[in-house]
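Chain residues, written in single-letter form:
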Amino acid sequence: MASIVRTRERLDTMATRARVVSVLVGIALAGIAGTYWWVQGLHGPEYRELADNNRLRRFPIRAPRGVVYDRGGRPLAENVPSYNLLLEPDASNDVKRSLAFAGSILETDPEQLHRLLVAHRRERPVEPALIAENLTLAQVARFELAALEHPEFEIDVQQLRLYRHREQTAHVLGYLAEAGPQDLTGGEYERGDMIGRRGIESQFERQLRGKDGERVVVVDSRGRAVDEFPPVQPAPGTNLKLAIDLDLQQTAQRLLEDKVGAVVALDPRNGEILVLASAPSYDPNLFARRLRADDWMRLITNPNNPLQNRAIQNTMAPGSTFKPLMALAGLAEGVVTPQTRFYCPGYGVFYGHVHRCWRPEGHGSVDLRSAIKNSCDVYFYNVGQRLGIERIARYSRKFGLGAVTGIDVPGEKAGLVPDAAWSRAVRKQPWYLGETISVAIGQGPVLVSPLQMAVAMAAIANGGHRPTPHLVEHAAPMPAVAGIPASAWAAVRQGMQAVVDSGTGYAAHIPGLTIGGKTGTAQVVAQRTRTRAEDLSYETRDHAWFVSFAPVEHAQLVVVVFIEHGGHGASAAAPVAKGIYEELLKKRPDLRVAPPA
Amino acid sequence: MRSSSRSDPISGLLRLPEEAATAGIGRLASVRWSLLLVALMLSVVGAATVHSASVAMPVEYLPRQLAWVGAGLVVFLVTFSLDYQRLALVALPFYGLSMALLVLVLFFGQVRGGSRSWFAIGPFGIQPSEVAKIATAILLAQYLAGLEGEYLRLREIVTAIGIVLLPVALLYFEPDLGGALTYGPMLAAMLLVTGVKKRYLVIAACTAVVVGALGWGLIHDYQRERVLTFLNPARDPLGAGYQVRQSKIAVGSGELVGRGYMRGTQSQLRFLPARHTDFIFAVLAEEWGFLGVAFVLLLYGSFLFGCAEVAARARDRLGMLLAVGFFAIFAFHILWNTGMVVGLAPNSGIPLPFLSYGGSFMLFAFAATGLVLGVDFRRYVNR
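Protein chains in written order, with numbering that gives the first Met the number 0: chain A, 0 to 596; chain B, 0 to 382.
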């Protein structure tokens, strides 16, 4: 053992080295302490938040969305409970057995349920998996009965938006759909939230939505709830009452079946919209139930675009329905009087060009009333020539054409009122005087929507006030259409009554109800030879218009009908309006002036 | 006496040094008992934290931990009583025996936590790697203490490395990377204190780089994954990065004064993995905050300082090197584990002395403490 005890020289040197090593370790230990100070002392709050994110799971308590009613208090958009089946695999002793049990009740293949479970787990590993939606009450009852034996299943009740009248109110209400990426950026919506699209659902999203409540649950690392905070209750959305009359709306939508077109009916006294129909339509319930890809493809590949609300988004030449406005402009500007007569030989020559009247044999000598009644083109060519495009444009704008009406649903189109300035600015060419002649009978570049025509008709019907059309009942402004004398309004109304009583709009005639109306045809292609509409192919057929109000003396309803490629307004559009007035009379027999013969 | 012990080292092993009888209580009082006191304080902190960490577990680990502390004290008494100089006489057979155990465990051991490193003894498990650590430290100290010359020669350094390389290789096969790593600092500290020429230090630094690169290829996939995850915890937040991430959240959310005992959400709601063993310090940091961390780090600091002091005032090379070796093992465990918990070091299964739950390492820690204090006790005798 001499080797052990022998060597003690340089022990002090070694001791010094040992001390150096220990000092190095001490410095390292101080560094560790500093790191803890950095993490705990300086960044503690951030880590505490991360710890809270770990342990606190927030579950929204959905605020019930506001119910939308028609003017009679009938629900148009409502909420119904939908029962979904959740599976918490960690709470199950035997997941295979659980899935077999669920499969037997749902009458589905457990294999398929297993695939759903796996897919869900991959996406959201700690949350219970959604494996079935829209269970029947009988299925719910069977799961509830088995709750003791199968605690891993949970029935989740969600509010599902139901549009009871499906296609018939789709263009009024719009629909609910899952919030997309662009909605999530504002922080107001979260993945899985539903958001209103189009129509009332979109316009009044804020009011209808309410404010979701929240359940905050303390969970452990396996996602099991161990504690819960008092819940924040949701604030329900506001209910909305619409001016829509469900009976009239359904009638309009039914009359548009198999057609492409739109119907607008509004109350000329206040601008309340009773009918806002567009065809083809779609079932908004599809979106609320997480639209399937094939449904969506069918909607967007339909050449007639069922998602387009033609009542507010389709702008077309107004055709002859423009003539009452021209008559009012002419009377107001004094270029004609009700007694002024023009001779119609079936055509007129203006600025060196021949402009035909729709009736080749001509109307003979026509005054204002007969010009409106028979829709004489030559009469209005003359009025248009005397007014000139600037005055035509000015009066058109007074009636609200060329601008959005301010209806309380999104997506409205402004249309176009052409004038010289527009021509220079947009077309880069001067306005040709001959075009004024075309515009005078509602052809040429002028574009209007059915809703705009309804507003203009309302002003004629109520004698000079242009209402702001609206769906949700409220007092909306009704600015006066200035500069037109009362006698002018009366004269035009008389002419329009004659249209339905014995003129081109007789197809809308209803014994006992005084209706003022005007037919119109918007040319799709310029026709060199006159061909009967029925003989043309669908795409080249003209669009049919019918604008109207009733009763003439104290109008309560304006009805505007637009049928795409309908042919003539008289044959295609007027009968639709008639159907709506008939429905109105069922509810309002007091509007008849005399009992039917 | 010495001649008899030389001829019969085994019978002399368990005798108290005769000086104890002559000098009596006075010399016993000069021992640095604060080292044991600190170890016991840490054990109390550890037991309390193990209780908090395991209260929601199927097994409550507090009684077992207390039993291990009790067993540790017994082991302490034994190792304190053994004369390390006599122990050094049997260093080689002891080393050989422990290596045999390491080989045996590869074939007959139980697998726990992915490593075949346990012998089952009733309900408890014992890791022979802890015994091997002590045996290797003693053999290494004995070898280096017996050398002459101011500085180590290359052949001597290679021999020292060889002594360490055998257990490291065997641990590699278990695999127990954490256990294997411990030998590095131990070897380095003992060589440095013995005396290494600057030239060799430079060579060692270069070798470390090369070995590191080679080691990268040799370590197991999951170990490489751990290192990569350590370098970038966001790499796999639900897999290997999960532990580090959750641990750091636990530490940080403790803030200054902690969430309160048994009220740490990360620990009580089971977000922290291995919270009663390798990540026990995260539980402490979460529930006691920086104040608790600072307190325990101070305890560790004073413990390490005590070990270093014992080494520095030892009067023989063997005692000094033995104390330095254990100092290095303790320092490595403490620095690595506390660093790992706060995300400074990769997770390699290195427990925290006196705090982490676990019998073998607790026994090792008390045994090592006993040996270190034994060196201190015999500093006036063994010269």
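No lab work stands behind these hints: they were computed from the structure.
Check before you lean on any hint, since a few could be wrong.
Far from chain A by the CB rule (all over 10 Å, computed), these chain B residues [unchecked claim]:
(1) Pro62
(2) Leu65
(3) Ala70
(4) Leu76
(5) Val102
(6) Val110
(7) Glu149
(8) Arg152
(9) Ala168
(10) Trp215
(11) Val250
(12) Val292
(13) Gly300
(14) Gly342
So the derived list for chain A, only partly shown, Cβ under 7 Å to chain B, looks like this [to be verified]:
(15) Ala17
(16) Val20
(17) His42
(18) Gly43
(19) Tyr46
(20) Leu55
(21) Arg56
Computed beta-carbon distance windows for the label pairs [unchecked claim]:
(22) Pro230/A / Tyr260/B: 29 to 35 Å
(23) Leu129/A / Met56/B: 30 to 36 Å
(24) Trp32/B / Pro230/A: 54 to 60 Å
Where a beta carbon is used, it is the ideal one built from N, C-alpha and C, also for glycine.
Evaluated hints:
1. Pro62: 24 Å, holds
2. Leu65: 27 Å, holds
3. Ala70: 28 Å, holds
4. Leu76: 24 Å, holds
5. Val102: 29 Å, holds
6. Val110: It holds; valine 110/B is separated from chain A by about 25 Å at its closest Cβ, greater than 10 Å.
7. Glu149: The claim is violated: glutamate 149/B sits with its nearest Cβ about 6 Å from chain A, within 10 Å.
8. Arg152: 15 Å, holds
9. Ala168: Correct as stated: the minimum Cβ-Cβ distance to chain A is 26 Å, above 10 Å.
10. Trp215: 24 Å, holds
11. Val250: 5 Å, violated
12. Val292: Per Cβ check, valine 292/B is inside 10 Å of chain A; nearest 5 Å; violated.
13. Gly300: 5 Å, violated
14. Gly342: Not fine: 8 Å to the nearest Cβ puts glycine 342/B too close to chain A.
15. Ala17: At 4 Å from the nearest chain B Cβ, alanine 17/A passes the 7 Å test, so the hint holds.
16. Val20: With Cβ-Cβ at 6 Å, under 7 Å, it holds.
17. His42: 6 Å, holds
18. Gly43: Hint holds; glycine 43/A Cβ to chain B Cβ min 3 Å, cut 7 Å.
19. Tyr46: 2 Å, holds
20. Leu55: The hint is violated - leucine 55/A has no Cβ within 7 Å of chain B, the shortest such distance being about 9 Å.
21. Arg56: 11 Å, violated
22. Pro230/A / Tyr260/B: 29 to 35 Å: 30 Å, holds
23. Leu129/A / Met56/B: 30 to 36 Å: 32 Å, holds
24. Trp32/B / Pro230/A: 54 to 60 Å: 59 Å, holds
In terms of the numbered hints stated before, the structure departs from hints 7, 11, 12, 13, 14, 20, 21, listed from lowest to highest.
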